[in-house]
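Protein chains: 2
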Amino acid sequence: MKLATLPNGTEDGALVVVSRDLTCAAPAQGIAPSLLAALRDWARAEPALRALVQQVEAGTAQGLAPFDSGTILAPLPRAPQWLDGSAFLNHGRLMDQAFGNPPLPDFETHPLVYQGASDDFLGARAPLVTPDESLFIDCEGEFGVVVDDVPMGTDPDAALDHIRLIVQINDWSLRQPGPWELKRGFGFLQAKPSTGFAPCAITPDELSAHWRGGRVCLPLRVEVNDERIGEPDGSEMDFHFGQIIAHAARTRRLTAGTIIGSGTVSNRDRAAGSACITEVRVIEKIDKGAPERAFLNFGDRVRMECALADGTPLFGAIDQRVARP
Amino acid sequence: MKLATLPNGTEDGALVVVSRDLTCAAPAQGIAPSLLAALRDWARAEPALRALVQQVEAGTAQGLAPFDSGTILAPLPRAPQWLDGSAFLNHGRLMDQAFGNPPLPDFETHPLVYQGASDDFLGARAPLVTPDESLFIDCEGEFGVVVDDVPMGTDPDAALDHIRLIVQINDWSLRQPGPWELKRGFGFLQAKPSTGFAPCAITPDELSAHWRGGRVCLPLRVEVNDERIGEPDGSEMDFHFGQIIAHAARTRRLTAGTIIGSGTVSNRDRAAGSACITEVRVIEKIDKGAPERAFLNFGDRVRMECALADGTPLFGAIDQRVARP
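The listed protein sequences derive, respectively, from chains A and B. Numbers 885 to 1209, taken from our numbering, label the letters of the first sequence in order. Numbers 885 to 1209, taken from our numbering, label the letters of the second sequence in order.
Bear in mind the hints are in silico, worked out from the structure with no lab data behind them. All of these numbers come straight from a predicted model, not from anything done at the bench. A hint or two may mislead.
Note that identical chains are pooled: a pair holds if it fits in a single copy or bridges any two copies.
Claimed, not checked - Okay, derived cross-link-like pairs now, EDC-like style, lysine to aspartate or glutamate, Cα gap no bigger than 20 Å in a straight line:
1. 1172 <-> 980
2. 1067 <-> 952
3. 1067 <-> 1117
4. 1067 <-> 1203
5. 1169 <-> 980
6. 1067 <-> 990
7. 1067 <-> 1004
8. 1067 <-> 1107
9. 1169 <-> 895
10. 1169 <-> 1153
11. 1169 <-> 941
12. 1172 <-> 990
13. 1067 <-> 980
14. 1172 <-> 992
15. 1067 <-> 1194
16. 1067 <-> 992
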């Protein structure tokens, strides 16, 4: 099933069940006021939501209305935690190659994960407001999962059983402070403004065989100002989501609604292109001696979508602009 | 005024106003259901809470009852963000000296700040549950501030005007994964389990002249199993709270209820002792050639309190044990 959140004046927004083709949605307030509330009570909420899906598909659900992604919030406008991995090692290897850096310690064996701000997520059409183009504004196309309560010390296999929903993410990044923050060791603050999300959070069964080994095995198409910069496939994720969750839960429990990101989707085959501008630039640097593509400017538009090969939509599209304060 | 949060089955708990001597408290639900709600509506809530304080001190407040810190929650059991600085440079300098590390980039000019988990804070008497003594369990005595909405790009002086409350913190740390996570650059996850808080969040006026230059100019006494390990003074903070807030808000807004920590309080005068065991150990290493004091074991108790010289309590004491899962 596909779940989304409409604005209703509350912080967590109003939960709706969205039709498979993303054309219409029905309010789910009778089941749970918000997606966060549903995740905290998933054993009870899930069957009721699935029953509502059937009514939505049959056109009989109460309050069924056209699904307007123009005003949509992030599926979880705020989450208990936002932990973003860097699970496609190809991306890091390219960065290290271009800048002549040695790999970070245990890069190949332990996922890198940073803690991001989780109180101010952006809906799929909301602009990224950022102070200055000289910060080197970039997008990052990612997949993510939403978990229920994960006990401390959960192992990677068991962690997979805690995945309730899958999301599609634009992890907006500022590349000017990024390397500086990385060298300082304390993680990313200034390099990571608010994160954007595609309209729908979906259950793994929506992906059928494309949800495999704890990975979203589908391409994520990324466009900047209507030009494709890449469509790398999620199947090349070197650490699966269960491994990232287990890494994050080694010494703490995770509470229901915590979001775990994959990091920028990245493929070894250069024909796949890239899911962020920085990676386009480092490939240009490696292959041609210098980067050519510019970072984003105010007014630039980023579109990201992952759909099935037959065009069936999954999460809906992220379509965001960069805006001045 | 002094504000605290009692358990009531909700995530944000029930707001109470506490008497100056911490002996009694009155429910403030008529003003705001929780401290987080009050912070989001501070202009309205503050005068009403201050009026209730007068009734509490006069013994006329409705529902006035003995203040029991045994079951107390953190003043904010969850917060939008928890951003912890490392603003006492003496601490970092000692660590670098003991381990022969060069200082982190711009250590002296830009505060180091990591993003911590903010969904699962511990009350003043709650145990720290952690999986394994071999993780080198440690406490860190800190001060912190709670802000209202801070716009992106707020400068350090203006940031001081967004401080609504001051808190006292035990930033539990696991020292085995700490240096590894620092070298990996993505910040601290495994090294930082849930953070503990003293019972009361207090308004800056409670500190009178001891709130000075954006710093808590009072000693923080730290005891392990009833033995003093230090009482360093907050006045030596090299970056004041406004500077840490401005650093964190450079490229993002902070929402009301965000907590900003000082990092371990640390003084150059060795007679002050230390607010964490690691610092005791590095001083032993520097002065005597090898560390002597052990990290914490299951069952060990950490007490932290900051009071006025005449004994007037401020935040109340943190008194936590280390516990097995």
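Status of each hint after checking the structure:
Proximity of residue 1172 to residue 980 under the C-alpha cut-off of 20 Å is restricted to the intra-copy arrangement: shortest distance 16 Å within a copy versus 41 Å between copies. Taking the closest pair of Cα atoms, residue 1067 and residue 952 never come within 20 Å of each other, the shortest separation being 43 Å inside a single copy and 45 Å across copies. For the homomeric pair residue 1067 and residue 1117, neither the shortest alpha-carbon distance inside one copy (29 Å) nor that between copies (30 Å) is at most 20 Å. In the homo-oligomer, the alpha carbons of residue 1067 and residue 1203 never lie at most 20 Å apart, since the shortest distance is 32 Å inside one protomer and 36 Å across protomers.
Taking identical chains as interchangeable, the C-alpha atoms of residue 1169 and residue 980 lie at most 20 Å apart only when both belong to the same chain, with a minimum of 12 Å there against 36 Å between chains. Proximity of residue 1067 to residue 990 under the C-alpha cut-off of 20 Å is found in both arrangements, the shortest distances being 16 Å within a copy and 10 Å between copies. In this homomeric assembly, residue 1067 and residue 1004 never come within 20 Å of each other (Cα to Cα): the closest approach is 26 Å inside a single copy and 28 Å across copies. Proximity of residue 1067 and residue 1107 under a CA criterion of 20 Å is satisfied in neither setting, with 30 Å inside one chain copy and 34 Å between copies.
When the C-alpha separation of residue 1169 and residue 895 is checked against a cutoff of 20 Å, the pair qualifies neither within a copy, at 43 Å, nor between copies, at 50 Å. Taking CA atoms no more than 20 Å apart as the test, residue 1169 paired with residue 1153 passes inside one copy only; the shortest distance there is 17 Å, against 51 Å between copies. With identical chains, the CA atoms of residue 1169 and residue 941 are never at most 20 Å apart, being 49 Å at best within one copy and 69 Å at best between copies. In this assembly of identical chains, residue 1172 and residue 990 lie within 20 Å of each other by CA distance neither inside one copy nor across copies; the values are 30 Å within and 33 Å between.
Both within a single protomer and between protomers do residue 1067 and residue 980 lie at most 20 Å apart by alpha-carbon distance, with minima of 13 Å and 15 Å respectively. Taking the shortest Cα distances, residue 1172 and residue 992 never come within 20 Å of each other, neither inside one copy (27 Å) nor across copies (39 Å). Taking the shortest Cα distances, residue 1067 and residue 1194 never come within 20 Å of each other, neither inside one copy (44 Å) nor across copies (45 Å). With identical chains, the CA atoms of residue 1067 and residue 992 are at most 20 Å apart both within one copy (19 Å) and between copies (15 Å).
Hint compliance for this structure: hints 2, 3, 4, 7, 8, 9, 11, 12, 14, 15 are broken, all remaining hints hold.
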